[in-house]
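Trainee: Listed here are the chains, written in short residue letters.
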Amino acid sequence: MDVIMSKNNSEYLIKRKDNVYEVVIGLEVHAQVTSNSKLFSSSSTKFGAEPNTQVSLVDAAFPGMLPVINEYCVKQAIKTGIGLKAKINNKSVFDRKNYFYADLPQGYQISQYKYPIVGEGNVILDMSEGQKQVGIERLHLEQDAGKSIHDVDPSNTLVDLNRSGVALMEIVSKPDLRSPDEVNAYIKKLRSIMRYLGTCDGNMQEGSLRADVNVSVRLKGSTDLGTRCEIKNVNSIKFMQMAIIYEANRQVDLIEEGEEIDQETRLFDTKKNETRSMRSKEDAHDYRYFPDPDLLPLEITDKFIDQIKSEIPELPDDKKKRFIDDFKVSSYEATILVSDIDTAKYFEEVVAKMGKNRDMKLAVNWITGELFAVLNNKNIEIAQSPISAKNLAKLINLIKNGTISGKIAKTIFELMLDGDIDPQIIVEEKGLKQQSDPKALEALIDKIINDNREKAIEYKQGKEKLFGFFVGQAMKASSGKANPQLINEILKKKL
Amino acid sequence: MTEITSLGLFELIKNIKEKKISSNEVAKSFVDRSEKSKKLNVYVTENFENCLKLSKDFDNKPNFDLKLPGIPIAVKDLFCTNEVRTTAGSNILNNFVPSYESTVTQNIWNEGGILLGKLNCDEFAMGSSNETSFFGNVQNPIAKDLVPGGSSGGSSSALAANLTPITIGTDTGGSIRQPASFTGTVGLKPTYGSCSRYGIVAFASSLDQAGPMSKDVKDSSILLEVISSFDKKDSTSIDFKRNNYSSELTRNIKGIKIGIPKEYRVDGMPEEIEKLWKKGIEYAKDCGAEIIDISLPHTSYALPTYYIVAPAEASSNLARYDGVKYGLRSSGQNLVDMYEKTRSEGFGEEVKRRIMIGTYVLSSGYYDAYYLKAQKVRQLIKQDFDQAYNKVDAILTPSTPSSAFKIGEKSNDPVSMYLNDIFTVPVNLAGLPGISIPAGTDKNNYPLGLQIIGKPFDEQTVLNIAYSMEEKINYKNNITDWWM
Numbered sequence: 001m002d003v004i005m006s007k008n009n010s011e012y013l014i015k016r017k018d019n020v021y022e023v024v025i026g027l028e029v030h031a032q033v034t035s036n037s038k039l040f041s042s043s044s045t046k047f048g049a050e051p052n053t054q055v056s057l058v059d060a061a062f063p064g065m066l067p068v069i070n071e072y073c074v075k076q077a078i079k080t081g082i083g084l085k086a087k088i089n090n091k092s093v094f095d096r097k098n099y100f101y102a103d104l105p106q107g108y109q110i111s112q113y114k115y116p117i118v119g120e121g122n123v124i125l126d127m128s129e130g131q132k133q134v135g136i137e138r139l140h141l142e143q144d145a146g147k148s149i150h151d152v153d154p155s156n157t158l159v160d161l162n163r164s165g166v167a168l169m170e171i172v173s174k175p176d177l178r179s180p181d182e183v184n185a186y187i188k189k190l191r192s193i194m195r196y197l198g199t200c201d202g203n204m205q206e207g208s209l210r211a212d213v214n215v216s217v218r219l220k221g222s223t224d225l226g227t228r229c230e231i232k233n234v235n236s237i238k239f240m241q242m243a244i245i246y247e248a249n250r251q252v253d254l255i256e257e258g259e260e261i262d263q264e265t266r267l268f269d270t271k272k273n274e275t276r277s278m279r280s281k282e283d284a285h286d287y288r289y290f291p292d293p294d295l296l297p298l299e300i301t302d303k304f305i306d307q308i309k310s311e312i313p314e315l316p317d318d319k320k321k322r323f324i325d326d327f328k329v330s331s332y333e334a335t336i337l338v339s340d341i342d343t344a345k346y347f348e349e350v351v352a353k354m355g356k357n358r359d360m361k362l363a364v365n366w367i368t369g370e371l372f373a374v375l376n377n378k379n380i381e382i383a384q385s386p387i388s389a390k391n392l393a394k395l396i397n398l399i400k401n402g403t404i405s406g407k408i409a410k411t412i413f414e415l416m417l418d419g420d421i422d423p424q425i426i427v428e429e430k431g432l433k434q435q436s437d438p439k440a441l442e443a444l445i446d447k448i449i450n451d452n453r454e455k456a457i458e459y460k461q462g463k464e465k466l467f468g469f470f471v472g473q474a475m476k477a478s479s480g481k482a483n484p485q486l487i488n489e490i491l492k493k494k495l
Numbered sequence: 496m497t498e499i500t501s502l503g504l505f506e507l508i509k510n511i512k513e514k515k516i517s518s519n520e521v522a523k524s525f526v527d528r529s530e531k532s533k534k535l536n537v538y539v540t541e542n543f544e545n546c547l548k549l550s551k552d553f554d555n556k557p558n559f560d561l562k563l564p565g566i567p568i569a570v571k572d573l574f575c576t577n578e579v580r581t582t583a584g585s586n587i588l589n590n591f592v593p594s595y596e597s598t599v600t601q602n603i604w605n606e607g608g609i610l611l612g613k614l615n616c617d618e619f620a621m622g623s624s625n626e627t628s629f630f631g632n633v634q635n636p637i638a639k640d641l642v643p644g645g646s647s648g649g650s651s652s653a654l655a656a657n658l659t660p661i662t663i664g665t666d667t668g669g670s671i672r673q674p675a676s677f678t679g680t681v682g683l684k685p686t687y688g689s690c691s692r693y694g695i696v697a698f699a700s701s702l703d704q705a706g707p708m709s710k711d712v713k714d715s716s717i718l719l720e721v722i723s724s725f726d727k728k729d730s731t732s733i734d735f736k737r738n739n740y741s742s743e744l745t746r747n748i749k750g751i752k753i754g755i756p757k758e759y760r761v762d763g764m765p766e767e768i769e770k771l772w773k774k775g776i777e778y779a780k781d782c783g784a785e786i787i788d789i790s791l792p793h794t795s796y797a798l799p800t801y802y803i804v805a806p807a808e809a810s811s812n813l814a815r816y817d818g819v820k821y822g823l824r825s826s827g828q829n830l831v832d833m834y835e836k837t838r839s840e841g842f843g844e845e846v847k848r849r850i851m852i853g854t855y856v857l858s859s860g861y862y863d864a865y866y867l868k869a870q871k872v873r874q875l876i877k878q879d880f881d882q883a884y885n886k887v888d889a890i891l892t893p894s895t896p897s898s899a900f901k902i903g904e905k906s907n908d909p910v911s912m913y914l915n916d917i918f919t920v921p922v923n924l925a926g927l928p929g930i931s932i933p934a935g936t937d938k939n940n941y942p943l944g945l946q947i948i949g950k951p952f953d954e955q956t957v958l959n960i961a962y963s964m965e966e967k968i969n970y971k972n973n974i975t976d977w978w979m
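Going down the list, the sequences are from chains A and B. Note that this note's numbering numbers the first sequence so that position 157 is 157, with each residue one more than the last. In this note's numbering, each residue's number is its place in the second sequence (first place is 1) plus 495.
By construction, these hints were calculated from the structure, which means they are not laboratory data. This one's a predicted model, so the numbers in the text were calculated from it and none came from an experiment. Ideal Cβ positions, reconstructed from N, Cα and C, are used throughout, including at glycine. Do not rely on the hints blindly, as some may be mistaken.
[What the hints assert, rightly or not] Simulated restraints on C-beta separations:
| id | chain 1 | residue 1 | chain 2 | residue 2 | range |
| --- | --- | --- | --- | --- | --- |
| 1 | B | Lys736 | A | Thr301 | 46 to 56 Å |
| 2 | B | Gly827 | A | Glu50 | 20 to 30 Å |
| 3 | B | Lys847 | A | Glu282 | 23 to 33 Å |
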């Protein structure tokens, strides 16, 4: 594959002969609203329940049943809209999107078509080249469908309506994304914002976040948009990236062969790593959208919006700025620390517990280094961290005030994992306190020099490498507890 | 003493409260007469045994504070009734037994009413003669082989034949008022949003409204008081202050301004309708009302508008009858085949016609020309009424352009059938209250009705005008029990 490996993560270029193409991507993200009950009924939305145990008469579309809007879901959508710096529309309308499918009980999905609840906004991506703004076209509320299960019964399709009627936010981006890396950053940023707001848990394994990916290609430098294909319902960032790469190259190949690209809906086959045509534009459904006569237009007062605004927590962009300003961490470090709300919370707690004589550099390094490594190994979230922020702060303070060395700290850290043990206790019980008494260390070093006279002479004659040998001996003799800085100083003086 | 079944609701309540008759006696009388009246084909599902049992329960532990103390009531089979089959007159719901109760019927049971049975109607309330029902034609007790009107044809027939003391229907384009007019009874369509649509099988959501059908105006006012309620389960239900319609009912309508819309004088309208209308105007004057000529300029667009909006909503509302979850399921090779067979066998011709019309007018490329335009015209029709109501308190028109016709006479001519609704449809489009009261007969002695249309939420004025005109008109049905 002739892909120009650009160092720039913000572009993905494909080269064929003399032509260089860029890829243009827009996403329609379906985010499940965090809410105990569904968009138009009081059924539970809890994940993982037995099939068809969370289905009301409304969800199963029994005769004469009527939808009643869940105010909480509306609030959640508005909150998300505010998080996307978007315009909140005072009036929006629920429409019916009509089509037949076994897991769509009403024969239509209640969605918002012409008048969505949230209008234009934007999201800032932190790419290695700097920040990039991605436009948001709209956000609207809609019902999820049920689930058709084809692989349980050999001759029948089974239907589970637990998801039927669950509230989704469809967040439509502008075609502003240019690379798989940007898609990665965009999804992560959206998820981060929604998790900060508590409006979507962003759990892709449970299907809380899915996306339809619109892909087109064009010659680099062109400002016209190419014909796009929509890849439906991709449920992980990795698959989105794979689908984009496959699809962009497929389109470029077609163009290079002088063929036209059909505007169509495609599916991504995760096993074969390819996209396949699902239906062409000609076969596109006519959804016969019209305003749902069972629901009145949704009218939202400015007062209601202001009330929600007043409840918005500090969001990642603002938090990042504050971390840089107040804690003097780098932009890169701040981006990592704020990307997940629980990481940011953990970090802030560590900072608070470190007290006055805090060391930000140590805090950042220990969280993003040792702690992240443990979380990765155990495949757990920071919220389930085996070491509390309080005890990590204590450990950092022990390093900072010279009680232990960085090396010993790593040993203590390992011991702390077993039940979030207070590092102070470990230091005392195991006698791991650093030796910082200069007289004791001088005696220790005198003995080492005496025992290794020849080497000391070689050092004096210019074999400077041997300095490390003496440090090693001193550490060994002190079982690693000697203060390395002091050892260095004393050795330099004595040798 | 007169036969129990010939008594109206008010009289029955009075007799029961005064302990002159028991609930069980009342129930027995209506059940007996219903048993002898099978030829009318008004019941889709009988609930006689249970009704008799419940009436005994009532007598054993009576509560005379209720508004419908131990009164047996048969209802249109469009209202979902808990544990009692509800078909909407369709094969597709032939076997459907709801596990829930519509708000309107629940209100009736809460006030002591007892379900007598489920009454025949046009399939999914689509029709004006009850001929589209899967369960067959309903006979009008006025004369043999005469339609009872529709879609609440089982309701109007049962009421006129004294098989139920009162009943409820639903009215999307005239389905309460037209059958009332055809059977010499009273039918009221309340303001849209007055009665909850929860649990009523939907036809056209923005037009459907339940309402009382009765032998006289007072009875309708009693039942309206029971069934009209704000309901959070229906987002289009309106929380307005409801009157005590029956206790506030008065014949004093002196000085009330009644409008006569010139556009309702349609081409080809039979002379007897014109005459009836003129007579009605005289009656209204006699009652002390002031008559004012008004104009509702967009009237002629109401019927085409209605036949776009109603089928559009219906085509979507009926999509849920797909054989997957409940009701009829025909076997098919695959999902689409199953859908096609189920819906082909489950729906009748008229329902299919309207689903197709509705699907067409909502299709991309046609939406703007049909559905969107129809919605705009609907606004103009509403505005016509708004402007008229700056000058008048109510409007008087004929209920229908003709009297009841023979079974089969119009069933092959949908357009002529649709014309039946010409005077009633604008009221639904504007969401207004309207009542039909019997006002005379045609040359065959078939009943004819007059319609009084009110301001939104002003059912009281509509009822008061009807109540006072009713006294002057003094109409009596002449029913010979020819079917027994």
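Trainee: Of the hints given before, which are not true for this structure?
Mentor: Violated hint: only 1; rest satisfied.
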